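Hey, can you work out the whole structure from these sequences and the hints?
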Amino acid sequence: MNHRHSFWLYFTVILVYAFLYIPIFVLITYSFNSSRINVRFEGIVNLEPCGPFYWFCQLSRNREVINAVRNSLIIATLSTMGSTVIGTMAALALQRHDFPLKRFAEGSLYIPIIIPELVMGIGILVLFTTVFRGINTAFHLQGNARLGMGLGTVIVSHIAFSVPFVALVVRARLHGFDRAIEEAARDLGATEWITFWRVTLPNITPSVLAGALLAFTLSLDDFIITFFTTGPGATTLPIYIYGLLRRTITPEINALSTVWIGIVFVLLLVIQRVQQRD
Amino acid sequence: MSTIPSVPGGARRRGFLLMLPSLLWMVGLLIIPLGLVLVMSFGRRDPDGNVIYTFTLDNYLRLLGFSRSYPCGSTPPPCFDALYLSILWRSLVLGFQTTVLTVLIGYPLAYFIARAPASRRNSYLLLVLIPLWTNFVIRLYAWMIILRSQGVLNSVLGWLAGLLNLPFQPLELLYTPGAVLLGMVYEFLPFMILPIYTSLEKINPSLYEAAADLGANPWRTLWRVTLPLSMPGIVAGTILVFVPVMGTFIVSDILGGRQVILIGNLIQRQFLDARDPAFGSAASILLMVLTLAMTLYYTRRFGFGEEITSA
Amino acid sequence: MPRFSIPLVALIGLLVLLGGCAGNREAQPSGEEPRTASGFVCPAPQPRLEVTSRELNLFVWTEYIPNEMLECFQRVYNVRINRDEYSANEEMYAKLLAGGANYDLVMPSDYFVPLMIRQGLLQKLDKSRLAVIPYFNPAYLNLPFDPNNEYTIPYQAGTDAIMVNTERIKEPITAFADLWRPEFARRMVSVDDSRTLIGIALLTLGYDINTRDPAQLEEAKAKLAQLIPNIKVFDSDSPKTALIGGDVDLGIIWTGEAALAKQENPAFEYIYPVEGPILWQDNWAIPANAPHLDAAYAWLNYILQPDLFWLTLRDFPYNNPHQAALEWARVNQPELYDSYMNSPITNIPPEVLARGHRVEDVGEATPLYDRIWTEVKGQ
Numbered sequence: 000m001n002h003r004h005s006f007w008l009y010f011t012v013i014l015v016y017a018f019l020y021i022p023i024f025v026l027i028t029y030s031f032n033s034s035r036i037n038v039r040f041e042g043i044v045n046l047e048p049c050g051p052f053y054w055f056c057q058l059s060r061n062r063e064v065i066n067a068v069r070n071s072l073i074i075a076t077l078s079t080m081g082s083t084v085i086g087t088m089a090a091l092a093l094q095r096h097d098f099p100l101k102r103f104a105e106g107s108l109y110i111p112i113i114i115p116e117l118v119m120g121i122g123i124l125v126l127f128t129t130v131f132r133g134i135n136t137a138f139h140l141q142g143n144a145r146l147g148m149g150l151g152t153v154i155v156s157h158i159a160f161s162v163p164f165v166a167l168v169v170r171a172r173l174h175g176f177d178r179a180i181e182e183a184a185r186d187l188g189a190t191e192w193i194t195f196w197r198v199t200l201p202n203i204t205p206s207v208l209a210g211a212l213l214a215f216t217l218s219l220d221d222f223i224i225t226f227f228t229t230g231p232g233a234t235t236l237p238i239y240i241y242g243l244l245r246r247t248i249t250p251e252i253n254a255l256s257t258v259w260i261g262i263v264f265v266l267l268l269v270i271q272r273v274q275q276r277d
Numbered sequence: 000m001s002t003i004p005s006v007p008g009g010a011r012r013r014g015f016l017l018m019l020p021s022l023l024w025m026v027g028l029l030i031i032p033l034g035l036v037l038v039m040s041f042g043r044r045d046p047d048g049n050v051i052y053t054f055t056l057d058n059y060l061r062l063l064g065f066s067r068s069y070p071c072g073s074t075p076p077p078c079f080d081a082l083y084l085s086i087l088w089r090s091l092v093l094g095f096q097t098t099v100l101t102v103l104i105g106y107p108l109a110y111f112i113a114r115a116p117a118s119r120r121n122s123y124l125l126l127v128l129i130p131l132w133t134n135f136v137i138r139l140y141a142w143m144i145i146l147r148s149q150g151v152l153n154s155v156l157g158w159l160a161g162l163l164n165l166p167f168q169p170l171e172l173l174y175t176p177g178a179v180l181l182g183m184v185y186e187f188l189p190f191m192i193l194p195i196y197t198s199l200e201k202i203n204p205s206l207y208e209a210a211a212d213l214g215a216n217p218w219r220t221l222w223r224v225t226l227p228l229s230m231p232g233i234v235a236g237t238i239l240v241f242v243p244v245m246g247t248f249i250v251s252d253i254l255g256g257r258q259v260i261l262i263g264n265l266i267q268r269q270f271l272d273a274r275d276p277a278f279g280s281a282a283s284i285l286l287m288v289l290t291l292a293m294t295l296y297y298t299r300r301f302g303f304g305e306e307i308t309s310a
Numbered sequence: 000m001p002r003f004s005i006p007l008v009a010l011i012g013l014l015v016l017l018g019g020c021a022g023n024r025e026a027q028p029s030g031e032e033p034r035t036a037s038g039f040v041c042p043a044p045q046p047r048l049e050v051t052s053r054e055l056n057l058f059v060w061t062e063y064i065p066n067e068m069l070e071c072f073q074r075v076y077n078v079r080i081n082r083d084e085y086s087a088n089e090e091m092y093a094k095l096l097a098g099g100a101n102y103d104l105v106m107p108s109d110y111f112v113p114l115m116i117r118q119g120l121l122q123k124l125d126k127s128r129l130a131v132i133p134y135f136n137p138a139y140l141n142l143p144f145d146p147n148n149e150y151t152i153p154y155q156a157g158t159d160a161i162m163v164n165t166e167r168i169k170e171p172i173t174a175f176a177d178l179w180r181p182e183f184a185r186r187m188v189s190v191d192d193s194r195t196l197i198g199i200a201l202l203t204l205g206y207d208i209n210t211r212d213p214a215q216l217e218e219a220k221a222k223l224a225q226l227i228p229n230i231k232v233f234d235s236d237s238p239k240t241a242l243i244g245g246d247v248d249l250g251i252i253w254t255g256e257a258a259l260a261k262q263e264n265p266a267f268e269y270i271y272p273v274e275g276p277i278l279w280q281d282n283w284a285i286p287a288n289a290p291h292l293d294a295a296y297a298w299l300n301y302i303l304q305p306d307l308f309w310l311t312l313r314d315f316p317y318n319n320p321h322q323a324a325l326e327w328a329r330v331n332q333p334e335l336y337d338s339y340m341n342s343p344i345t346n347i348p349p350e351v352l353a354r355g356h357r358v359e360d361v362g363e364a365t366p367l368y369d370r371i372w373t374e375v376k377g378q
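Residue numbers (numbering that gives the first Met the number 0), protein chains in the order written: chain A, 0 to 277; chain B, 0 to 310; chain C, 0 to 378.
None of these hints come from the bench; they were simulated from the model.
For clarity, every value in this text was computed on a predicted model and none was experimentally measured.
All C-beta atoms in this analysis are idealised placements derived from N, C-alpha and C, irrespective of residue type, glycine included.
Fair warning: there could be bad hints in the mix.
Covered stretches of chain C, going by a simulated chain B footprint (3 or more residues, C-beta under 8 Å) [unchecked claim]: (1) 83-92; (2) 232-238; (3) 362-376.
Some chain A residues flagged as far from chain C (calculated, every beta-carbon gap over 12 Å) [stated by the list, open to error]: (4) 15; (5) 21; (6) 96; (7) 144; (8) 190; (9) 231; (10) 244; (11) 245.
Take a look at the structure:
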């Protein structure tokens with residue numbers, strides 16, 4: 000069904016897309032900047048060893064960046080796995096069962112979505128520091144044995160803010176789920192467990208994956224909660240860039256952005272291609 | 000073979016067990032931390048920055064303007080001091096401005112995508128999503144490059160002025176409140192576009208035809224048909240934009256030159272620089288209560304749509 | 000299920016790749032001199048200490064340690080360095096006080112040291128494990144904030160003063176009081192430090208920089224409030240960026256940034272005001288609960304060797320308290336030595352030093368200072 004929009008709508012749409020993409024374009028362009036201070040664009044860089052890709056080569060030798068990216072991916076993967084499982088279970092529980100404390104559980108699940116991340120981050124910081132101080136003092140832990148913030152605390156915190164989103168997405172799907180096929184399966188002799196595995200789960204998988212994707216994105220991009228729960232050796236990419244922004248900024252960050260944008264673009268294309276195949 | 004589902008007790012138990020992990024997580028990492036923050040908010044600070052656990056409303060009173068232990072300017076306590084109220088007000092205004100702007104800018108795009116042929120919609124959505132995936136902090140850095148005195152925008156304007164033979168003074172765009180607003184709008188625009196799109200997409204296209212058949216021009220249709228039907232999406236988008244804006248400190252840090260103090264900055268600094276965690280806790284609780292209240296009012300009035308899941 | 004196998008495989012592949020990348024850590028063929036990625040030859044540690052820890056957690060100021068120092072230490076001792084950074088003492092203090100993170104080394108400024116000692120955040124240095132103390136210029140040791148250097152050893156010292164872009168500002172500037180001129184509206188960058196700015200306001204009023212008198216502080220607040228409109232950006236990480244980039248024309252910055260800015264553009268002048276600059280000193284200290292103590296001592300002994308410490312002259316030119324490194328540079332890097340000695344920024348003239356003011360902890364008056372800062376910045 001094709002219809003014509005007014006010229007002004009097309010005009011606005013193009014402007015908005017331009018607004019969204021001009022910074023991206025600037026970022027990519029400046030990753031080829033010959034000026035080290037990266038304030039003005041002063042022509043395309045051409046230094047050894049990689050010529051115009053000088054900053055990309057510098058980037059690949061930057062251990063701290065690679066560590067930060069690796070940390071971000073590890074945290075995102077682990078927290079996504081955790082929150083997807085926990086969130087899906089929660090969605091099933093809320094949508095299909097009645098149990099004590101249901102209202103409370105449901106309410107608590109909605110809170111992280113509605114309150115600012117800052118408040119949650121501060122709360123978690125206070126929690127961990129209090130708990131760690133207590134345990135360290137009670138067990139007289141010294142040196143390396145002392146509990147502290149690190150990868151573990153970040154992962155646990157990421158799960159905390161991802162679970163509500165996963166639960167919400169899966170629950171929306173369960174809401175419109177026709178249970179007739181489940182009953183049909185049971186009529187045919189399948190047990191509850193097999194029904195779930197062979198009938199229910201495949202049907203909600205797209206939503207579960209969507210929830211997982213959402214959790215992954217949230218974790219990868221998270222700054223505020225990570226800011227309050229990170230420790231030495233657990234620096235993630237957003238934290239690293241924030242730190243880098245405070246130093247003298249070289250086009251290395253731009254190179255990093257370009258690489259990141261490239262990977263994201265390819266990944267999204269792949270996912271879209273995969274989705275279309277169904 | 001029985002078709003009756005399992006014994007009710009078993010179902011209840013199963014439900015509870017399924018819910019248990021998320022319950023543990025939420026209680027452990029949300030309820031208890033918030034409780035700790037609440038407890039701390041009633042405390043005081045000692046000269047070195049530690050929290051003295053006691054029960055006093057001083058922190059809240061100070062936030063609302065009534066200073067009991069600190070002087071307000073040259074007046075000794077107790078006195079009235081609107082400093083923190085003004086910070087709160089400034090944050091609310093910024094939240095409001097950001098929300099309005101994202102609706103104005105995002106709605107046309109959402110509308111366009113929703114009414115595009117189904118095959119193209121995903122591509123258009125993808126284009127909206129890609130910037131979202133490129134990392135929050137990097138996007139802010141890009142605006143620094145564009146807005147600074149010798150940045151892209153000023154270079155382009157200067158070149159244009161040169162062409163037209165006009166005198167040109169570089170615009171002071173970076174490190175202003177305007178830059179902070181721009182940064183907020185840019186960061187949160189996709190969060191407004193997606194929910195609005197979801198609710199617009201649900202509208203049956205034949206409604207538009209019906210309206211046209213009844214003689215309504217496009218504006219009338221928009222005002223009387225489309226807009227009301229997409230309200231759930233706007234509500235969801237408002238929540239997804241307003242709440243984070245209120246809590247973000249990094250945008251005003253980077254684009255505002257650490258000059259624009261919002262409530263997010265105030266809270267962060269209490270825990271980092273000013274060494275008054277009790278006061279910072281009180282400000283956090285206040286912020287949370289405010290956003291919760293506004294969200295509840297808003298959703299009660301307009302309904303809590305499923306559009307929030309689209310984000 | 001084939002549906003999500005592709006993205007999953009891609010993800011796992013990416014992880015493996017990155018794991019491999021970072022896993023290929025500086026595996027040096029034995030017998031060869033360790034070199035950094037830039038080709039710098041790492042000197043041998045003298046003395047070489049016994050280190051069993053595999054990691055070292057540094058909590059340091061941004062932009063302060065030459066990269067070769069970090070790389071050489073990692074290669075020579077095979078210890079991985081985790082570096083977290085801060086741009087204000089308050090930030091470092093708050094994190095240590097909260098106790099969440101375990102660091103091995105921090106870099107407190109002079110006026111924070113007594114406070115941290117009082118709070119039990121630092122541990123006493125075991126002087127028998129530190130061979131480097133004789134290398135220092137005695138003028139930087141045994142200072143009032145840490146008599147006998149029980150808890151700290153110096154790293155760098157410097158001043159806070161005025162830097163002016165003489166291409167854009169032709170009138171002479173000689174005092175902090177000059178900064179208040181209305182024609183400088185929104186043309187300044189300043190460090191984001193409460194003690195520095197409140198201190199400057201106090202100095203222009205003729206008061207002591209560490210006063211606890213509420214009436215004097217009140218006056219300083221009013222005076223400071225008049226300066227704020229002149230400040231366009233606060234930056235305690237890299238204020239030279241705003242100067243070099245042309246966003247501002249003058250600023251209140253510190254020694255290292257000033258020297259680097261002047262290297263970029265000789266038209267930048269660093270001016271010691273008539274009221275006297277603010278003096279400061281950054282020091283190494285070991286937190287009370289350092290998890291990798293042996294690595295911490297190895298680090299201190301290694302980077303404070305003259306043949307490694309001279310790198311600070313090259314990368315972060317400050318007032319250098321390390322006499323032995325200066326001596327080494329005089330012999331082995333004469334150009335660097337000359338440029339250090341000839342510049343009043345790095346080689347601070349004695350009469351300037353004499354009229355300088357050192358910031359000290361103000362104890363129970365701290366909330367007053369905090370409050371002034373919040374108010375003045377919140378307007």
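These are the hints, each one checked on the structure:
1. 83-92: n = 4 at 8 Å, threshold three: holds.
2. 232-238: holds (count 3)
3. 362-376: holds (count 10)
4. 15: holds (29 Å)
5. 21: holds (20 Å)
6. 96: Nearest chain C Cβ is 27 Å from residue 96 of chain A, so the label holds.
7. 144: violated (8 Å)
8. 190: Fine: 22 Å to the nearest Cβ keeps residue 190 of chain A off the interface.
9. 231: Non-interface label fails for residue 231 of chain A: nearest chain C Cβ at 4 Å, not farther than 12 Å.
10. 244: violated (8 Å)
11. 245: violated (3 Å)
Against the hints set out earlier in the document, violations occur for numbers 7, 9, 10 and 11.
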